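A.B. asks: The residues making up each chain are set out below.
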Amino acid sequence: MDHYISINDIDNINSWIEEAKELKKNPLKYIELGRNKTLGLLFFNSSLRTRLSTQKAALNLGMNPIVMNVSGDAWGIEFGDGTVMNGNTAEHIKEAAAVVSQYCDIIAVRAFPTLNDKAKDESEQVLMSFKKYASVPIVNMESATGHPLQGLTDAITISEHAKTRKPKVVLSWAPHIKALPHAVANSFTQAMQKMDVEFVITNPECYNLNPEITGKTSIIHNQEEAFKNADFVYVKNWSSYESYGQILNTDPNWMITKEKLGNAKFMHCLPVRRNVIVEDAVLDSDSSIVIQQANNRTFAAQLVLKKILENA
Amino acid sequence: MDHYISINDIDNINSWIEEAKELKKNPLKYIELGRNKTLGLLFFNSSLRTRLSTQKAALNLGMNPIVMNVSGDAWGIEFGDGTVMNGNTAEHIKEAAAVVSQYCDIIAVRAFPTLNDKAKDESEQVLMSFKKYASVPIVNMESATGHPLQGLTDAITISEHAKTRKPKVVLSWAPHIKALPHAVANSFTQAMQKMDVEFVITNPECYNLNPEITGKTSIIHNQEEAFKNADFVYVKNWSSYESYGQILNTDPNWMITKEKLGNAKFMHCLPVRRNVIVEDAVLDSDSSIVIQQANNRTFAAQLVLKKILENA
Amino acid sequence: MDHYISINDIDNINSWIEEAKELKKNPLKYIELGRNKTLGLLFFNSSLRTRLSTQKAALNLGMNPIVMNVSGDAWGIEFGDGTVMNGNTAEHIKEAAAVVSQYCDIIAVRAFPTLNDKAKDESEQVLMSFKKYASVPIVNMESATGHPLQGLTDAITISEHAKTRKPKVVLSWAPHIKALPHAVANSFTQAMQKMDVEFVITNPECYNLNPEITGKTSIIHNQEEAFKNADFVYVKNWSSYESYGQILNTDPNWMITKEKLGNAKFMHCLPVRRNVIVEDAVLDSDSSIVIQQANNRTFAAQLVLKKILENA
Numbered sequence: 001m002d003h004y005i006s007i008n009d010i011d012n013i014n015s016w017i018e019e020a021k022e023l024k025k026n027p028l029k030y031i032e033l034g035r036n037k038t039l040g041l042l043f044f045n046s047s048l049r050t051r052l053s054t055q056k057a058a059l060n061l062g063m064n065p066i067v068m069n070v071s072g073d074a075w076g077i078e079f080g081d082g083t084v085m086n087g088n089t090a091e092h093i094k095e096a097a098a099v100v101s102q103y104c105d106i107i108a109v110r111a112f113p114t115l116n117d118k119a120k121d122e123s124e125q126v127l128m129s130f131k132k133y134a135s136v137p138i139v140n141m142e143s144a145t146g147h148p149l150q151g152l153t154d155a156i157t158i159s160e161h162a163k164t165r166k167p168k169v170v171l172s173w174a175p176h177i178k179a180l181p182h183a184v185a186n187s188f189t190q191a192m193q194k195m196d197v198e199f200v201i202t203n204p205e206c207y208n209l210n211p212e213i214t215g216k217t218s219i220i221h222n223q224e225e226a227f228k229n230a231d232f233v234y235v236k237n238w239s240s241y242e243s244y245g246q247i248l249n250t251d252p253n254w255m256i257t258k259e260k261l262g263n264a265k266f267m268h269c270l271p272v273r274r275n276v277i278v279e280d281a282v283l284d285s286d287s288s289i290v291i292q293q294a295n296n297r298t299f300a301a302q303l304v305l306k307k308i309l310e311n312a
Numbered sequence: 001m002d003h004y005i006s007i008n009d010i011d012n013i014n015s016w017i018e019e020a021k022e023l024k025k026n027p028l029k030y031i032e033l034g035r036n037k038t039l040g041l042l043f044f045n046s047s048l049r050t051r052l053s054t055q056k057a058a059l060n061l062g063m064n065p066i067v068m069n070v071s072g073d074a075w076g077i078e079f080g081d082g083t084v085m086n087g088n089t090a091e092h093i094k095e096a097a098a099v100v101s102q103y104c105d106i107i108a109v110r111a112f113p114t115l116n117d118k119a120k121d122e123s124e125q126v127l128m129s130f131k132k133y134a135s136v137p138i139v140n141m142e143s144a145t146g147h148p149l150q151g152l153t154d155a156i157t158i159s160e161h162a163k164t165r166k167p168k169v170v171l172s173w174a175p176h177i178k179a180l181p182h183a184v185a186n187s188f189t190q191a192m193q194k195m196d197v198e199f200v201i202t203n204p205e206c207y208n209l210n211p212e213i214t215g216k217t218s219i220i221h222n223q224e225e226a227f228k229n230a231d232f233v234y235v236k237n238w239s240s241y242e243s244y245g246q247i248l249n250t251d252p253n254w255m256i257t258k259e260k261l262g263n264a265k266f267m268h269c270l271p272v273r274r275n276v277i278v279e280d281a282v283l284d285s286d287s288s289i290v291i292q293q294a295n296n297r298t299f300a301a302q303l304v305l306k307k308i309l310e311n312a
Numbered sequence: 001m002d003h004y005i006s007i008n009d010i011d012n013i014n015s016w017i018e019e020a021k022e023l024k025k026n027p028l029k030y031i032e033l034g035r036n037k038t039l040g041l042l043f044f045n046s047s048l049r050t051r052l053s054t055q056k057a058a059l060n061l062g063m064n065p066i067v068m069n070v071s072g073d074a075w076g077i078e079f080g081d082g083t084v085m086n087g088n089t090a091e092h093i094k095e096a097a098a099v100v101s102q103y104c105d106i107i108a109v110r111a112f113p114t115l116n117d118k119a120k121d122e123s124e125q126v127l128m129s130f131k132k133y134a135s136v137p138i139v140n141m142e143s144a145t146g147h148p149l150q151g152l153t154d155a156i157t158i159s160e161h162a163k164t165r166k167p168k169v170v171l172s173w174a175p176h177i178k179a180l181p182h183a184v185a186n187s188f189t190q191a192m193q194k195m196d197v198e199f200v201i202t203n204p205e206c207y208n209l210n211p212e213i214t215g216k217t218s219i220i221h222n223q224e225e226a227f228k229n230a231d232f233v234y235v236k237n238w239s240s241y242e243s244y245g246q247i248l249n250t251d252p253n254w255m256i257t258k259e260k261l262g263n264a265k266f267m268h269c270l271p272v273r274r275n276v277i278v279e280d281a282v283l284d285s286d287s288s289i290v291i292q293q294a295n296n297r298t299f300a301a302q303l304v305l306k307k308i309l310e311n312a
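Protein chains in written order, with the UniProt record's numbering: chain A, 1 to 312; chain B, 1 to 312; chain C, 1 to 312.
For the record, the hints were derived by calculation from the structure and aren't laboratory data. A portion of the hints provided could be inaccurate.
No copy labels: a pair is met if it fits in one copy or bridges any two.
[What the hints assert, rightly or not] Below, in silico cross-link-like pairs of lysine-lysine (DSBU-like), each with a Cα-Cα straight-line distance of 30 angstroms or less:
id : residue 1 : residue 2
1  : Lys131    : Lys24
2  : Lys132    : Lys258
3  : Lys25     : Lys307
4  : Lys132    : Lys260
5  : Lys131    : Lys25
6  : Lys29     : Lys118
7  : Lys228    : Lys29
8  : Lys25     : Lys132
9  : Lys118    : Lys258
10 : Lys132    : Lys24
11 : Lys168    : Lys29
12 : Lys228    : Lys118
13 : Lys25     : Lys37
14 : Lys37     : Lys194
15 : Lys307    : Lys24
16 : Lys131    : Lys258
17 : Lys260    : Lys216
18 : Lys120    : Lys163
19 : Lys228    : Lys307
20 : Lys21     : Lys118
Remember, predicted model here, so these are calculated numbers, not experimental data.
So that you can see chain A by itself, here it is in the shape it has in the complex:
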């Protein structure tokens, strides 16, 4: 594999899941694979799980992780082509990406969307500029429209906890006070579309995700109906896609409760706002597998890094 940009870079999700489970059993098996190689982790935004799990994954492969908060540690980066750089940005991505490539064997990047410029966000300016101008492989640690390390994590977690051959998986929107990106919902949708599961999405009518991503997946606007016989309920807030980045509805009736959940397992990428997205009773019960899910972040990242290192 050259880069890990989106769920589409997974050639065979079932074999990837199996390989990740093997890594989880013996995380240090490939500790010589990345020895004396460097992973650069570049953060344009906050991170807890991604920051720690990706470093842990690199360490499990013997790599040296180097972390940078781009905004605070380095220079403002310019992405425009042909710009006369007499403003606030001091370094062009053409140089920045090429330079970091001199010191790092793999570059992982986190860059959230603007949520007010749809075209810019869909162009994935930051991530794709790194891909274009870096001379080493790029890993997406959550970009404007996707979070494929999370999507792979979620596929592994569902595979581990499934009790039926073809479980029913529901992705449900839930209310939130801030406008949030579509990245996690998009990558989860794409991952589920590749798996042998019964997958439905439920959200208020004004919150349909990008139809190019949801494709033929059924979208049900009645949450109760969608949850019937669910084995997994994956919950996430996102802002409107059509009225891009807007908060159109904060209806608390969409909050996940123990009663609604029934016998399904509760999943969320975290961080999660308690008693806004989901009530305490769910998170504090055995129905919640959010911590097991977070643990799998390590092995999803480790698998991706391993595949890149093996290809080098």
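Keeping the supplied structure of chain A fixed, place chains B and C upon it in accordance with the hints.
C.D. replies: Same frame as chain A, but now just chains B and C:
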């Protein structure tokens, strides 16, 4: 040892001191003990010595340290039970602590007091929440009411520099322009109470420490009298405990001078404000052992990590 | 070598260049030299290349790098002698440098000039205070008046790309919207003065560098004349030295164009503002060797660290 939360977690201070001195002679002896294990260092506040010495201690044990400035790098953390999280905090400590436990074998936490909410500070909300919700051992890198890595360091340093079987050790308050925590003074007091030393505290009347901590230790409000025949003078500012967090006195006569110090050794946890807490002439003389003290931070931390790793 | 403070610490630039080229061929040859030793990287200012390449250099030598953003992570540092520290600074450099020396085998420091207090900048207060009060070797990662890791890098790069025995090297000022330091230009000048090259500097009249540094090097105020038959054009903006820190000229005619450059190679320390300092057509052509130059930062730093470790 499961956790290192306070000086009370030291079962036998004399054997700990001896063990730390052994580590200091041969810091790399146990470099295989922590190999491929990860220490997460979570900072809610600034740090120089603790940040560097605890990383150094981890490296001496072969561990991989991962540092996070929680406020800048990650999400605002909610500690309240049952809170409806529709405000500024994005992640609950229940998830945060459990998640970090998935990636780190030991979690070290620094979280200073508010100094305006005594009950909250004394509950040690941040530290004890990590202890409660993490699934791995917790190390206190200075909490609201204690700094036990510093207290252990101080005990080691006094043992190294003592010239008599039972030295006289004085903890003296000194003036400062800001309201400072009681953590260092508390842990130093607790450490001295466990050692075979003659221990007295001296401070202005309005600055008595928490009587539950000082216990039977004599408190002398006349600094000159307290310093008589002292072998070690340990200096620290703290704000009022009774009028919680207030600055009630900044009397410069309490500043430590070479004349006052006599033949005693000068100790301070650092950082120290020169010519406010203590005059230059003391710090620049051989009477000061603050740098040797700082050096011992490594071996105090290394001993604590070693005991936790051996117990795992 | 005890410290690496300026280009003057290079005893024989030709042998250093050869040694750096050898390291570049086999970067991991000395990976046991720094094993279990720690490099502390202290940043008072932003950094991308220096931050990454110096860490990479340390890793290539088996060292453990520990990075600190002094301003954000630790305490305000006081540099004044005899100061009554009742203001914003909480720790004196005397303690800070001595303390960091307890945990790090080498300390690397970045501290930019004020550009408004010439005497203070020329005293190199921060760097020289670390040198004075630390008990371990100090490496300059760009100080008020010099950037000797960059200067060494540039010498290596010119040696690699030279096609004639004695190439013509031109250092050219170029316009910029902000007042920038003289450090890079100074160290480049000093490095070229040690090499067997034909070296000239070109800048507007009001931008002559410190005459104590330029010495006998010819300064030509006509850029076109200076560029004649140049093999290397090294470009950099700096503020006025005489009218210290002032921007006296932003004449866009001094911007570097492909036409002006002719057959010369284009060099710049980066970050570079495109279409202000230099037009896109130069940076996007094979005439630009800025990325190869950035790559050599690793080997310049590695050579310096190696020489210090071998001397320890």
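A.B. asks: Run the structure past the numbered hints and jot down the numbers of the failing ones, going up.
C.D. replies: As far as the earlier hints go, 6, 7, 9, 11, 12, 14, 18, 19, 20 are violated by this structure, in ascending order.
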